[in-house]
Amino acid sequence: MSYTYYEEQNRKNYITPKSNIDAIKLFSTCVEKAEVKHRDNIERLGNGVKNFQTTNKTVQQLQETLIKLRPIIEENTAKATKALEQKELENAKVVEEELKIETEKTILYQQRTIIELSQADAKK
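So for the sequence shown, my numbering puts the first residue at 1; every next one is plus one.
These aren't lab readings, by the way, just hints derived from the structure by calculation.
Treat each hint with caution, since some may be false.
As the list claims (entries may be wrong) - PhoX-like, lysine-lysine: derived pairs with alpha carbons at most 20 Å apart:
{"hint": "1", "residue 1": "K25", "residue 2": "K37"}
{"hint": "2", "residue 1": "K57", "residue 2": "K68"}
{"hint": "3", "residue 1": "K105", "residue 2": "K93"}
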């Protein structure tokens, strides 16, 4: 390090007891900061691992529950499909009946008009 300093600055670097102590203090401070940083990283990563483990347990429990509920879900799906088909058939019947009613209304309206015209002719 002193050689590099001499090469770059063309000055010699002398170590005195005071500067040596300051260098040791600086090094100690840097080591302490690095230790704190590493402890924080270890704690953060440890929390992440715990979260992954908890999530993994939850996923396993949900998978087991899903496996247990699969027959019930399939049964309910089949029932819902049947009910939907039934409703579609009922709706088709309702539409058909409505069409019949509209047709009958039209026929009745025409008949009423004919009767009214006949009555009007008869009154003359």
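Going through the hints against the structure:
Between K25 and K37 the CA atoms are separated by roughly 18 Å; this keeps the pair inside 20 Å, and the hint holds. A hinted pair counts as satisfied when its Cα atoms are at most 20 Å apart, and K57 with K68 qualifies at roughly 17 Å. The hinted pair formed by K105 and K93 meets the criterion: a straight-line CA distance of about 18 Å does not exceed 20 Å.
In summary, the structure agrees with every hint in the numbered list given earlier.
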